[in-house]
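2 protein chains.
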Amino acid sequence: MSDNKLVYAFGNGFEDGNAGMAELLGGKGANLAEMGRLGLPVPPGFTLTTEICQYFNAHDEQFPDRLEAEVTAAIQQVAKQQGKGFGDEANPLLVSVRSGSRASMPGMMDTVLNLGLNDVTVEALANATGDERFAWDSYRRFMQMYGDVVMGVDHDCFEEIIDDYKYGNALTEGAALEADDWKEICQSYRKMIQDEAGQAFPQDPYEQLWGAVRAVFKSWNNQRAITYRRLQGISDDWGTAVNIQAMVFGNLGETSATGVAFTRNPSNGEKEIYGEYLINAQGEDVVAGLRTPLYLSKQAREKAGFQDLSLEEEMPDTYAELLSVFETLEGHFRDMQDVEFTVEQGKLFILQTRNGKRTVKAGLKIAVDFQTEGLISSDEAVMRIDPVALEQLLHPTLDPRVQTEEITRGLPASPGAASGSVVFTPDLAEAKAAQGENVILLRMETSPEDIHGMYAAKAILTSRGGMTSHAAVVARGLGRPCVSGASAVRIDYEAKQATIGKMVLKEGDVITVDGTTGRVLLGEAPTIEAELTGDFAALMGWADEHREMAVRTNAETPSDAARARRFGAEGIGLCRTEHMFFDARRIFDMRQVILAADKQHRQAALDRLEPEQRKDFAEVFDIMAGLPVTIRLLDPPLHEFLPRAGDDISALAEAMDMSDEQLRARIEGLEESNPMLGHRGSRLAVTAPDVYEMQLRAIFGAMQDVTGTPVELEIMFPLVMDEAELVYLNQLADTVAAQIGEKTGQAPVYKLGSMIEVPRAALLADKLAAHSTFFSFGTNDLTQTTMGLSRDDAGSFLSRYTDKKLLAADPFVSLDEIGVGALVELATQKARSRRDDVKLGICGEHGGDPQTIDFCNRIGLDYVSCSPYRVPIARLAAAQAALRCKNTT
Amino acid sequence: MSDNKLVYAFGNGFEDGNAGMAELLGGKGANLAEMGRLGLPVPPGFTLTTEICQYFNAHDEQFPDRLEAEVTAAIQQVAKQQGKGFGDEANPLLVSVRSGSRASMPGMMDTVLNLGLNDVTVEALANATGDERFAWDSYRRFMQMYGDVVMGVDHDCFEEIIDDYKYGNALTEGAALEADDWKEICQSYRKMIQDEAGQAFPQDPYEQLWGAVRAVFKSWNNQRAITYRRLQGISDDWGTAVNIQAMVFGNLGETSATGVAFTRNPSNGEKEIYGEYLINAQGEDVVAGLRTPLYLSKQAREKAGFQDLSLEEEMPDTYAELLSVFETLEGHFRDMQDVEFTVEQGKLFILQTRNGKRTVKAGLKIAVDFQTEGLISSDEAVMRIDPVALEQLLHPTLDPRVQTEEITRGLPASPGAASGSVVFTPDLAEAKAAQGENVILLRMETSPEDIHGMYAAKAILTSRGGMTSHAAVVARGLGRPCVSGASAVRIDYEAKQATIGKMVLKEGDVITVDGTTGRVLLGEAPTIEAELTGDFAALMGWADEHREMAVRTNAETPSDAARARRFGAEGIGLCRTEHMFFDARRIFDMRQVILAADKQHRQAALDRLEPEQRKDFAEVFDIMAGLPVTIRLLDPPLHEFLPRAGDDISALAEAMDMSDEQLRARIEGLEESNPMLGHRGSRLAVTAPDVYEMQLRAIFGAMQDVTGTPVELEIMFPLVMDEAELVYLNQLADTVAAQIGEKTGQAPVYKLGSMIEVPRAALLADKLAAHSTFFSFGTNDLTQTTMGLSRDDAGSFLSRYTDKKLLAADPFVSLDEIGVGALVELATQKARSRRDDVKLGICGEHGGDPQTIDFCNRIGLDYVSCSPYRVPIARLAAAQAALRCKNTT
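From first to last, the protein sequence lines stand for chains A and B. Sequential numbering from 895 applies to the first sequence in this note's numbering. Sequential numbering from 895 applies to the second sequence in this note's numbering.
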């Protein structure tokens, strides 16, 4: 317990605190003090600090000794300001007792209103307000709240008494009760409380006060608060503050009112007052929803075609004052505010202000408008937007105007939406796609063997697996919408159908998969393209000014490359050439390359593939004119290209002049125990250089085909593990380049570099840097190897690890900084020590993750590369990372 | 080219060089100089340095300018000593010209003898020796050698002339030719050489000399020398020296002789002169084998029952002088010597000495005897033995007295020999072994699914795969003899037979596999247990005095544990508990644990396994009384335990009350894409702690069952990757221990530690050390993860890497020091920084590899653990490592 004051006053110029003290005073208390300092009409009161709560929790629910004296002094001070006395029988001060922690925890903790009322002061309140019904209603509300919150009497016991009273007096359920009714009900409450709680309802206001304070502090540890904190990542150690504040009444007749308002439209960000109010009501009535709240502005009311008058029309002076308060608050807090207010007999009081929650779209507009209005700098605007949330604005979404039947939900594993007919095997997906049909691949889960089918499908739906399952990761990489872990879906591969409850989905049935939300819909649902506003462009412009890392994209198709460039990608960081083989005709040739019985047939198949690859590369080079393009040579284990289905095998066997059995034997011969660690990547070029040679010829040829500005060509070798190996690979590329140069008289211009995706490569980064002008950290594989953790198999146990906190987080979502990240950092230092101009980037899934981007910025990488839709996110995240660095240094 | 002299004299006290100059003078030249310094009878001569050869190779076969002058001076100096003249027509000096490189390359390069003879000097030689036949024979020998080596005339051309001469003169093939015969033949040679070589046979001795020198230097780069160097790992850059030496003649009549001798018996190490000689012969005659050489000592001759007299009997004085020379040489060179000598008319000359090659057994005896005789220290004795070679002495070997038919050969993948009947499937191996039959598992190659069958087999034979294939590694781990890569064996699984050429092996046929030599024999061959001599014990004793690291064993069976302890293991470093489940009955229970449909059946199966494990542990604890025993909890992916064969599945399904299909579906559900990186190791305990709990109860129970000295119990968690995970595992063990303690009143005493086998664990070693009293580096898996290299799949490409030198060596044989080793070293530093008494060891396959042991010693590990047969190797290697460290600091 520090020597800090325990009690901080606010209101009427007696402010001990300010907005910067949220840690000590909670958000509500700090902002009440701040508003007081601004001269805004805040009912006076004081805040019991969070340190008291921490003390309370650590000391068996005891308060610090000096608390009582400070509270007594503070409440007398408030009473004095109000010209009242706490417990004064003629002119009693009533107070509210509310929680208020550092982070907003709406509705999770307890509140007591109208405290200070007892059998005597209730009469004084009736006299003072001239409203006996109001006084007794307030008293019964207080007894009810206090009995429930402090004395532990079940809420129903109170409801029952009111119901019984109405029934006994033959009143309808909705009938308004008068002063005498409430008076009688108060009597019944008192008896019932004595019975239920085993003690009398306290008449001493101080006893009431301490009871309420204790209860609110205790509510920090009620079950729903604990759960909420766990979900929101709020520390259990923080504790709540308690705010004790003079009551103001929105229920003191027709000139009184209460309401909540946002200073801007939280839905679209428009600069307009947005909220609702009720005349003659307390705040809880607005929340309870028993009466329909009214609009604040005339414009909003008219737009909604609503009859009851707006606040602007009912109380124009108050409305004007409110607008002025909003302007003050926005100017001061420099953000859109969410405000609670009460009008007591014509006088406006502000009870709370906080930064308002908003949609992504609104957030974007507000940030940009605030900058334009001169309220915040462009730095601040950039820092205000959650990069991940941006993704919502980028993907095609389902048209909300069209109603479609939702049949199930899963995890939103890869964003975007697409429709097509259901298929259950990758091979059929490929076959149907080859005929121009849109298909959705439905699998229990996917494996590396399914990639050609995933590529062919418009979207992927799986019944198992999480956000980082194979299906999810590959779908994001391929830019296919994906819903994973839709556990209600039962798939029967043999029957070629799936059931969802009683519904049956057969092969060929059309469904729509919405990977942005995780929804699965029956039939074809129309989608709408995302529209990007000027606000988006403005914010991205500022982000680009601030960031230090370049942002590239992982793309290999012209459409992905074009989209990424539209989204601001500054080149391609990873062009996965294997994806170019998944097209039906090409995979047929690729399979012949792999399985050919002799060199001649193999070369023939390679010769068919070369012009295709060359065309692909030329298209991509055209789109990326003037920018760097990193092409990774063939990476995956060969068996990923091979057919599984009997028909496919037969067709291939026929083309290759083999028996099915012979072909099957060859396919089996390529099976591996651990393909991730097997014969793949540059290892393929060591055992059989001809495929890389073909790819290199296609790349260099494509460079010569392009007539516009050439790209900065970077050729990258995957899975490199040794210096001598890299030298060999470099020689391979240089030899092909020299041959092309000789043949065409035009020497290709290119740089060579390597992926760093096994720990050994990171450990030898200095040695490898002698032979590489750039490195790209392939953090997907580097995570798998560094942790000994197969992403494809982790589904069966990884969630247990994160649930039990045996791992801080899923390392396939955000880079594992202390393990994999340490290796990346070590490699960065080693590489730069050998070659200070080596270009370093990251091209794993993590390249689009803001937390990872922050890490990459901290360790000084030159660029990140991510999927096209993640490019804007990465641009923003990189800017935020740079700003964070600037602010901490 | 340095400013070094180019020519170094030796003999008669004119020694410019010494034994330490082998790099410059070659081994032969350096030792000739050294013998001269010792006053031994060396014919005088001089050595042309290896630097000349390097210059010659780098300068288009030109010699340095100053060479000619130095050679002329040197040869005149030799002539002067001999009282002769080079080319002197009355008293000519004859010389030999021989190669001699730093490393012995026997027979790979060229030699010219009797150089200096021509049509004139041959007559002088006849006069000087009084032996015309000798002179002309010497001349024709010289022409033949020179013509072949220097002038490139085919060897057959010379043979043809002799044959023709004999045929023309009606002589029998074996007839002795006289002076006139040789004279005529020399005429024919001269004509033939002119025809074949296109130039006359040179008469000028200096022209002869330079021709011979040039030819010998050139022979460094002949094809067989290049190949030999590649095989022996000798650098092409070293070059050879050339030795020019005055000729002495063992063929000058009955008082002349020539011979080779070892100073001790190279076969068994006995201290006895060992070798052979021929009277009236030149060295090449001994090699050519046309005459049967005679014994040197009378004892050896008599023992062999040989008639012709020994050197000891024929020339007792020479023999005595030879013994004295041997004593001088051994005393000086401090090792057993391999000596060439010639006796010219009663006078002994020593032409060469070098350290003699010997068998392992002899090497051991010689090293120990030398120490006992005070010739070398125990340090030196320890350093002299190749640790790997020791293994030959330890395993049971085939009885050489019994002849058995060898049917094929493969690689000696895991030492030892065993016989049994052939089976082709792991399941059948298990079934037959369960009935007490000895079986040999014959597979194309093995995979992790086969382990139960490998365990059940007495030996393993594969037709594919190398020394580090799955079969080889697992066999060594299990202590089963294994021959891998027996490529002549064609297996037809369906027909249940294998063919080797025309021979057919059927299921049930008995064969013998000799994993020490790679031989496969038909039928049952008797084996003999290794007998360990006192020499072995003495050497091991010295090794133990010198080494700093402890040596433990990887063992889980009582027989392995007992053998390892006999071999000097100081505890168990790795007890792989999963191996204890491979017994037929237990694996049946284990399968039920894994596949049980409900908790109750699972627990029942666990309850059956617990007492079995407890018994196993108690037996091992008994054997290892007083020593540390590290038990690793269950490690492999569960599917390794599961049945593949239809019969096994049916039997299991029946026991589990399931249909075959249900069981198959469950088994398939456990399949993984990359099991190495999947659901295994401690991850099993995170998802289902009950198996580890059972194992822990069995371990603690076994500790209580043992009545003798308890072991130091260490419990080890496999595949740990995070600090929180390790804390969880520690709690799991502590909880079980506490339960046992409570139940029995006896708190178990144990330490907890973790394997380091994924890079992340190494990177976080400081954090993990907070919760571990020891670490064991599992370098098999650490190599796989650090390099991204699956051992089971590397067969298809790893040899290409080592062949092309894209990797320095097979990283599964010797630890990859710069990659995996760097990680081990980093972890060692980090672990010690957190806990300076943390015990660090290595328990992968590498733990028995001397090179790796040297590395472990350098980075300061506390112990290595290896398979039982490797324990002596490790003790010796550890001693050598410690001595090497001492000598470099």
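Hints were generated in silico from the structure; no laboratory data involved. There could be a bad hint or two in this list.
Repeated chains share a single entry, so a pair holds when one copy, or any two copies, can fit it.
Calculated lysine-lysine pairs in the BS3-like style (CA-CA distance at most 25 Å, straight line) [claimed, not checked]:
1. LYS974 x LYS1165
2. LYS978 x LYS1077
3. LYS1493 x LYS1698
4. LYS1192 x LYS1241
Hint check:
no. : hint              : result
1   : LYS974 x LYS1165  : neither (40 Å within a copy, 116 Å between copies)
2   : LYS978 x LYS1077  : within (24 Å within a copy, 147 Å between copies)
3   : LYS1493 x LYS1698 : between (54 Å within a copy, 21 Å between copies)
4   : LYS1192 x LYS1241 : within (21 Å within a copy, 133 Å between copies)
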